[in-house]
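2 protein chains.
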Amino acid sequence: MINVQFAALPERWASYEAPLRTAFQNAGLEVDLRLDHAPSEVDYVVYAPNSDLQDFSHHSRCKAVLSLWAGVEKITGNSTLTMPLCRMVDPGLTAGMVEWVTGHVLRYHLDIDRSLAEQDRWNPIVPPLARERPITMLGLGALGTACAQALVGLGFPVTGWSRSAKDIPNINCLHGEDGLKEALRTAEIVILLLPDTAATENTLDAETLAMLPKGARIINPGRGPLVDDDALLAALETGQIGHATLDVFRVEPLPQDHPYWGHPNVTVTPHIAAETRASTAAEVIAENLRRGEAGEPFLHQVDRQLGY
Amino acid sequence: MINVQFAALPERWASYEAPLRTAFQNAGLEVDLRLDHAPSEVDYVVYAPNSDLQDFSHHSRCKAVLSLWAGVEKITGNSTLTMPLCRMVDPGLTAGMVEWVTGHVLRYHLDIDRSLAEQDRWNPIVPPLARERPITMLGLGALGTACAQALVGLGFPVTGWSRSAKDIPNINCLHGEDGLKEALRTAEIVILLLPDTAATENTLDAETLAMLPKGARIINPGRGPLVDDDALLAALETGQIGHATLDVFRVEPLPQDHPYWGHPNVTVTPHIAAETRASTAAEVIAENLRRGEAGEPFLHQVDRQLGY
Numbered sequence: 001m002i003n004v005q006f007a008a009l010p011e012r013w014a015s016y017e018a019p020l021r022t023a024f025q026n027a028g029l030e031v032d033l034r035l036d037h038a039p040s041e042v043d044y045v046v047y048a049p050n051s052d053l054q055d056f057s058h059h060s061r062c063k064a065v066l067s068l069w070a071g072v073e074k075i076t077g078n079s080t081l082t083m084p085l086c087r088m089v090d091p092g093l094t095a096g097m098v099e100w101v102t103g104h105v106l107r108y109h110l111d112i113d114r115s116l117a118e119q120d121r122w123n124p125i126v127p128p129l130a131r132e133r134p135i136t137m138l139g140l141g142a143l144g145t146a147c148a149q150a151l152v153g154l155g156f157p158v159t160g161w162s163r164s165a166k167d168i169p170n171i172n173c174l175h176g177e178d179g180l181k182e183a184l185r186t187a188e189i190v191i192l193l194l195p196d197t198a199a200t201e202n203t204l205d206a207e208t209l210a211m212l213p214k215g216a217r218i219i220n221p222g223r224g225p226l227v228d229d230d231a232l233l234a235a236l237e238t239g240q241i242g243h244a245t246l247d248v249f250r251v252e253p254l255p256q257d258h259p260y261w262g263h264p265n266v267t268v269t270p271h272i273a274a275e276t277r278a279s280t281a282a283e284v285i286a287e288n289l290r291r292g293e294a295g296e297p298f299l300h301q302v303d304r305q306l307g308y
Numbered sequence: 309m310i311n312v313q314f315a316a317l318p319e320r321w322a323s324y325e326a327p328l329r330t331a332f333q334n335a336g337l338e339v340d341l342r343l344d345h346a347p348s349e350v351d352y353v354v355y356a357p358n359s360d361l362q363d364f365s366h367h368s369r370c371k372a373v374l375s376l377w378a379g380v381e382k383i384t385g386n387s388t389l390t391m392p393l394c395r396m397v398d399p400g401l402t403a404g405m406v407e408w409v410t411g412h413v414l415r416y417h418l419d420i421d422r423s424l425a426e427q428d429r430w431n432p433i434v435p436p437l438a439r440e441r442p443i444t445m446l447g448l449g450a451l452g453t454a455c456a457q458a459l460v461g462l463g464f465p466v467t468g469w470s471r472s473a474k475d476i477p478n479i480n481c482l483h484g485e486d487g488l489k490e491a492l493r494t495a496e497i498v499i500l501l502l503p504d505t506a507a508t509e510n511t512l513d514a515e516t517l518a519m520l521p522k523g524a525r526i527i528n529p530g531r532g533p534l535v536d537d538d539a540l541l542a543a544l545e546t547g548q549i550g551h552a553t554l555d556v557f558r559v560e561p562l563p564q565d566h567p568y569w570g571h572p573n574v575t576v577t578p579h580i581a582a583e584t585r586a587s588t589a590a591e592v593i594a595e596n597l598r599r600g601e602a603g604e605p606f607l608h609q610v611d612r613q614l615g616y
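Which chain is which? The protein sequence lines are A and B, in order. FYI, in the numbering used here the residues of the first sequence are 1 to 308. FYI, in the numbering used here the residues of the second sequence are 309 to 616.
None of these hints come from the bench; they were simulated from the model. All C-beta atoms in this analysis are idealised placements derived from N, C-alpha and C, irrespective of residue type, glycine included. There may be inaccurate statements among the hints.
Below, a sample of chain A positions facing chain B; criterion: calculated Cβ distance under 10 Å [claimed, not checked]:
1) 89
2) 92
3) 99
4) 116
5) 125
6) 145
7) 234
8) 238
9) 239
10) 240
11) 242
12) 245
13) 268
14) 283
15) 305
Stretch-level coverage of chain A by chain B, calculated; a stretch enters the list once three of its residues show a Cβ under 8 Å from a Cβ in chain B [to be verified]:
16) 61-74
17) 129-142
18) 168-178
19) 213-221
20) 269-280
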């Protein structure tokens with residue numbers, strides 16, 4: 001019997017219990033899944049970083065902490081978390097992110113906001129083709145790459161930028177500081193899907209926002225701290241940035257008095273771009289349990305130096 | 309020397325002259341391209357159906373009329389037009405249509421209109437995945453097939469319906485009257501890309517709109533007469549249809565007093581989904597001229613019985 005503790009906000013138990021039991025059973029694993037194992041008897045923790053569980057020092061035999069979230073920056077600095085930590089790379093989350101990013105890119109590309117606003121006059125303006133609309137993806141991890149490939153499939157020329165060098169078919173891959181400058185220079189739409197680390201904080205600040213073509217549009221479904229909010233508000237004021245669609249923020253929910261709310265050139269969405277889907281996520285958790293028991297390497301294990 | 313007459317609204321000459329000359333030259337054709345050849349000396353007409361030229365009875369040696377438009381229903385009944393008539397199947401037009409259709413499908417799928425309206429509160433509602441959103445494409449010609457394939461690429465389950473039987477990979481292809489009923493039964497979003505013929509008029513009327521699941525959404529980038537406007541307005545009133553995005557109308561521009569304008573559950577776009585792009589269209593025209601001169605069959609020749 002494998003003891004698995006479910007440690008997330010209590011309301012998540014209702015959505016995850018049945019999918020997890022099904023996935024464990026389908027993987028042939030005998031699991032005692034509970035909210036309340038004694039810490040010293042826990043073999044694995046299924047974990048959401050906003051859980052009450054923050055002290056892992058008594059989880060003495062725990063073989064792995066399996067995050068339900070893709071972003072683990074809230075816990076990589078936890079010194080009691082000494083066992084392997086795995087991020088969630090949920091195919092359902094990836095699919096949802098691709099749909100959200102593609103939808104908002106096409107919304108900008110087709111100028112759908114203007115269409116919706118002009119419901120009193122016939123004003124035919126034909127947008128350029130996707131092939132004439134350069135897009136830059138900052139971040140080429142699992143999510144950034146999947147989104148970039150979907151955009152390439154629709155005909156957009158996509159430049160990708162990442163910390164370390166990558167080579168992905170049909171994407172112009174750049175890296176490093178000079179690469180960032182080049183990636184921003186021609187981008188009519190910039191998408192942020194970088195991990196949230198000390199090195200990526202304020203990737204878009206006054207200096208880098210100024211490298212973009214005038215009127216560029218920003219889409220941030222990644223992490224709030226990737227953007228210097230004051231610099232973005234200033235760039236929206238001058239028109240250097242034409243519009244921003246932001247799904248993530250330094251403080252969530254976004255405080256009611258934040259200048260992004262109601263800003264004519266900002267769309268706020270409430271952290272919905274990357275939502276883990278219980279059924280597909282449960283299958284990933286079960287596969288990692290199976291690997292742990294079989295002594296195989298875990299999927300998506302976090303490199304604690306890099307922070308993701 | 310091949311005499312080619314350009315017959316379209318005068319303002320189109322500015323956008324088409326240079327691309328046509330380039331395309332003819334690239335195809336190795338010696339062409340005298342003008343607005344004003346004597347009718348009896350014209351070898352080919354490059355044609356827009358809203359041109360002043362409606363009487364072809366003196367175009368005695370004309371080998372083909374090459375339409376710049378995909379839709380030729382305005383001229384298939386012209387009894388003086390006895391020479392071969394070719395529709396435009398412009399790769400640029402197809403790309404633009406795919407982008408417009410995909411953008412508006414994702415707009416509905418993600419409920420972007422609600423996101424844009426809720427710019428004063430944090431209200432996280434996560435949409436289903438594309439794989440859980442059945443879409444039906446009415447019409448599986450060049451445009452319908454290209455759009456259906458793009459939607460399949462994003463993960464949507466797509467049912468396609470056409471007059472005659474088709475077999476297209478990854479699309480559930482139906483045809484005939486029973487097929488239409490089945491195609492509409494599960495469609496959360498319906499897209500109209502049928503040709504405008506006597507047989508397709510009012511494809512969506514009170515009876516077929518009632519076959520859809522309650523709250524279904526309609527996207528019409530095809531032709532205005534495919535929809536019975538009164539029936540659609542009634543179905544929007546009862547909530548049987550949740551929303552409609554209409555790009556084409558029986559009368560264009562849509563008259564200012566039409567109930568579609570300002571309707572809370574209708575988005576009007578000004579016939580922008582299918583726009584021929586001069587550079588790519590000119591290459592198609594040049595290829596048909598080359599074929600005509602070489603005695604090869606024309607591309608996209610209209611079947612005058614079928615009307616498309």
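Hint numbers not upheld by this structure, sorted from lowest to highest: Those not satisfied are hints 1, 6, 7, 8, 9, 10, 11, 14, 15, 16, 18, 19.
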